[in-house]
Structure formats: C-alpha cells, structure tokens
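Chemist: With chain A's structure known, arrange chain B on it following the hints.
Just so you know, the sequences run in chain order A and B. Under this note's numbering, the residues of the first sequence are numbered 1 to 233, in order. Under this note's numbering, the residues of the second sequence are numbered 1001 to 1233, in order.
Hint data in this document are derived by calculation from the structure and do not stem from the laboratory. Be aware that a few hints might be false.
Facing chain B, according to a computed beta carbon distance under 8 Å, are these residues of chain A, among others [to be verified]:
#	residue
1	Gly42
2	Gly44
3	Ala185
4	Asn209
5	Gly210
Over 10 Å on every C-beta distance to chain A, these chain B residues come out as not near it, computed from the model [as the list claims (entries may be wrong)]:
#	residue
6	Ser1049
7	Tyr1064
8	Asp1071
9	Thr1089
10	Leu1095
11	Pro1096
12	Arg1104
13	Arg1128
14	Arg1138
15	Asp1150
Stretch-level coverage of chain B by chain A, calculated; a stretch enters the list once three of its residues show a Cβ under 8 Å from a Cβ in chain A [unchecked claim]:
#	stretch
16	1162-1174
17	1178-1188
18	1198-1208
None of the values given here were measured: they were computed from a predicted structure. Each residue gets a CB set at the ideal place from its N, CA and C atoms; glycine is no exception.
2 protein chains.
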Amino acid sequence: MVRKSAAIAEPDGQQQSGSESKAARTRTRILDAAAFVLSRKGYGGTRLSDVAEQAGLQAPAIYYHFPSREDLIEEVMWAGIASMREHLTAVLDSLPPGTPPLDRIDAAAEAHLRHELEISDYTTAAIRNAGQVPERIRARQVAEENEYGDLWRKLITDAQNEGLLRPELDPRVARMLVLGALNWAAEWWNPRRGSLETVVRTAQSMIRNGLSPAASEAEADTPKPKRRRRAAP
Amino acid sequence: MVRKSAAIAEPDGQQQSGSESKAARTRTRILDAAAFVLSRKGYGGTRLSDVAEQAGLQAPAIYYHFPSREDLIEEVMWAGIASMREHLTAVLDSLPPGTPPLDRIDAAAEAHLRHELEISDYTTAAIRNAGQVPERIRARQVAEENEYGDLWRKLITDAQNEGLLRPELDPRVARMLVLGALNWAAEWWNPRRGSLETVVRTAQSMIRNGLSPAASEAEADTPKPKRRRRAAP
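For reference, chain A alone in the conformation it holds in the complex:
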C-alpha cells in the first residue's frame, strides 16, 4: 500500500517499460523513504541526506527525481491523504447497496484506522505534519483533505437525514472530533500494548453511540451485511 500511495503520485498513468520502469521504482523508493523520515522527524527535521540513506541512495540522486526537498515533501504529504481517500472510497463502494448509515460509518472508522496504523507511513507523515509545513506545500494536500472530509461529511449527513444524529450535535464539529480521535491513534497506538482489533471495536462503539441515540437499536434490528461485529453484551 505504501507502494500504492507512491504510485498515485505518478503524474501520468501511462504504462511504463524498461528504464522508465526502473526510474519509477527508484522514485517510489525515494517517496517511501521520505514518508518514513517525515513521519518520524517532522517537516523541519527531514533532511535529504536522511532520506537518501533510508532509500539506499546518494543524496544527489534524489534531485534526478525531485527538483527540491520541498517538492519531495509536498508529494508525500499529498499522497498520504490521497491514498487514504482512495482506500475509504473503495471500502464504501464495496458495501452492499442499502447498508444503513451507521454501518457505513463503522466501516469508515475501521478503514481509516487500519490504513493509518497498519499500512502507511505516508498517512502518518501527513497527519503529524499538517500543522507545520508552509502554506505553499500544503495547498494540494488541503484540497485532498477537503475531498476526504467530503466523504465523511456525506456519511454524517446521511445519518442526519435518516434522523439518526443526536440533535444537540454540530455536524461539522462532530465530524472533526471523530477524525481527531482516529488520527491521533497514530501517536499512541502500539501493537505491543493491545490489538488493532480492540482499537477498531472500541472506536466503532464510541463513534456510533456518540453520534446516534439509535445506535444500539439499529445494531439490534439490522441484519449485519457482510462484516461481523461483536455484539454488545
């Protein structure tokens, strides 16, 4: 999936062959290395020499693929959100037609957490550095974040339209609190201290019940499509 996020960052979707393909692989290796360093050292602390070392290259080789440090970082920041959006879109599209709104939100929470915690240094890099990179680097990422936010906006509006959202909630604030809870997991989750499954299950229950007074009833009434969820005792 890291490879996949880098692939997204390819400016054209053309078939590649021979030496082009080798160049693309090197480019991917540089992006992967940059995501690794950026997620750990932050924007200000990411040096091209560290990226090169992580990628197993000489630093000047990076300039063959990216005109500047900032271009490289811009690409990583953007690809982190783009791959998250692509992943969530695919998960939502795979749900059976007519899946109830709260079940769609469950699936989205799981998709976000798994992508963030299991799959992608890119996403962690983008989350951790969102507040620190200069505006000019943020532009494409912000546009992508807005598109990602739109997916969640729709999930919550759909719940609201079916009378499932607690009336005292501000829908935008509710959405941002949910995303914050999910994003911040990158800061504290440690596979040695508990399973990802436990994180997913606890997050799903809290989000569902936090958003909706009908969460438990819906859970009891609706036959589960496809994915199993452990029933509340």
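Modeler: Chain B alone, transformed into the frame defined by chain A:
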C-alpha cells in the same frame, strides 16, 4: 495563563525581587516566544533566531537563560502538559463533592478544550511535537503526560466502577480516543468558523454518550451541579 505555564517552569518557587525578577520576566518572554514558534514551525523548524526575534531579543541573550536550544524546547514541551494538568486538577477539585462520574468527565472535556484552544501555545506546541522531538527531550514530558493521563484514567475508572461504562469498550483505548478527539481540535478549530461553546457542547455529548449507555438517563435524573448544560432536545 501562558505566563502561568512559564511560571511553572521556574525551577524554584522562591520569591523574587529586583534584578532576579527582571531575569525571570525575560525568561518567561523567551519561553512564551519559544512556545509560539514551536507550535507553528515544529521541532525541526524552530530556530533560536526566530525565538529571539519573537521575544524581541538578540539570539545570544537566550543563552544567558537556557544552556541550549534543546533545553529551551524541553522546558516548553514539559510546561505545556504541566499547565494542562494543573488546570484540570483545579477544575476537578472545584466540583462539589459527589459530582457524578459522567459530569466530572464533562467538566474535564471542557477544561481540556478551553485550555488547549483559548489559553496556551505551550499546549499546542506539546501536542503537535509529541511525535517528533528526540527521546532525551521527551523524558520529562512523558512523565508529565503519564500524570495527566492518570487523571483521565481515574475519571473513566470511576465511571466504570459505577457501571456507567459501555462493557464493550477497552478503557485504555476509550481514554486515548477521547484525548485524541480533544487534542486534534488544535489542528482544525478556528474561532471564525464556529464558537468554542459549540465545540465544547458537541464534544461533551459525544464523549458522554460514546462512553456510557446511561448518559442520557443520568442527564435527565441528576440535578446539575453548578455548570449549566444545554438539554438535549
């Protein structure tokens, strides 16, 4: 309160007079400036020259008060969490004896959000850079974070002991998701796009109901101590 967090960072609590007091004020100004820069530029991007400019000093003057850049940053990171813990402790201590567990959690959520969003660059600096500063700088902050986490651990354990926590939740994961939702507000909240009051009210409802199946009943049954909360329609 920014001043107050810096005051916490004073190694001794002695009364100060004359020139000592002027030195303490300059030290506070440097810490405030460092918190401002660190919260915006991140660990790797925080340069002493920027801190000096923000404080209205010459860069070498900083070395009169802090042996190194890292000592200064370490102090800011620590003070951010320390002032948050002091604030939450004071708020919880001010609640009437016998305040029910879910109402204490409400008060804690409000205290966290207001301190983070209204009061302190220190807290934002600490939140944003938690994943980026080197371990040697993190040590005192981590200890302080653990103490802050203990306050929340107790809040949630108290709710659990009274049978108020949803049984399917993992208490540690639930605590970290709540803190994540609150911490991340530093990344998205903008006073021009909605009031802090709305954020607080939405967060309280989601946390209360997310944690507890008894949240609504408790709200209806318990006479409100001191603070008013808008009733759910």
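Chemist: Hint by hint, note whether the structure agrees.
Modeler: Taking the hints in turn, this is what the structure says about them:
Checking glycine 42 of chain A against chain B: minimum C-beta separation of about 4 Å stays under 8 Å; hint holds. The restraint placing glycine 44 of chain A at the interface with chain B holds, with a minimum CB-CB distance near 3 Å, inside the 8 Å limit. Because the smallest distance between the Cβ of alanine 185 of chain A and any Cβ of chain B comes to about 6 Å, under 8 Å, the interface hint for this residue holds. For asparagine 209 of chain A, the shortest C-beta to C-beta distance to chain B is roughly 5 Å, which falls under 8 Å, so the interface hint holds.
The closest approach between the C-beta of glycine 210 of chain A and any C-beta of chain B is roughly 3 Å, which is under the 8 Å cut-off, so the hint is satisfied. The claim that serine 1049 of chain B lies off the interface holds: its Cβ sits roughly 14 Å from the closest Cβ of chain A, which is beyond the 10 Å cut-off. Taking the minimum C-beta to C-beta distance to chain A, about 25 Å, the non-interface status of tyrosine 1064 of chain B holds against the 10 Å cut. The non-interface label for aspartate 1071 of chain B is consistent with chain A: the shortest C-beta to C-beta separation is roughly 18 Å, beyond 10 Å.
Every CB of chain A is more than 10 Å from the CB of threonine 1089 of chain B (nearest about 22 Å), matching its label as outside the interface. Leucine 1095 of chain B, annotated as away from the interface, keeps every beta carbon of chain A farther than 10 Å; the closest lies near 22 Å. At roughly 24 Å from the closest C-beta of chain A, the C-beta of proline 1096 of chain B stays outside 10 Å, upholding its exclusion from the interface. No beta-carbon of chain A is positioned within 10 Å of the beta-carbon of arginine 1104 of chain B; the least distance is around 18 Å.
Distance to chain A contradicts arginine 1128 of chain B as a non-interface residue, since its nearest Cβ pair spans about 5 Å, not more than 10 Å. In this structure arginine 1138 of chain B is separated from chain A by more than 10 Å, as the shortest Cβ-Cβ distance comes to about 12 Å. Residue-level check passed: aspartate 1150 of chain B sits 15 Å from the nearest beta carbon of chain A, beyond 10 Å. With 8 residues having a Cβ less than 8 Å from any Cβ of chain A, the stretch 1162-1174 of chain B passes the three-residue criterion, so the hint holds.
For the stretch 1178-1188 of chain B, the proposed coverage by chain A is satisfied: 11 residues have a C-beta within less than 8 Å of a C-beta in that chain, meeting the threshold of three. Look at the stretch 1198-1208 of chain B against chain A: 8 of its residues bring a Cβ nearer than 8 Å to a Cβ of that chain, three or more, so the hint holds.
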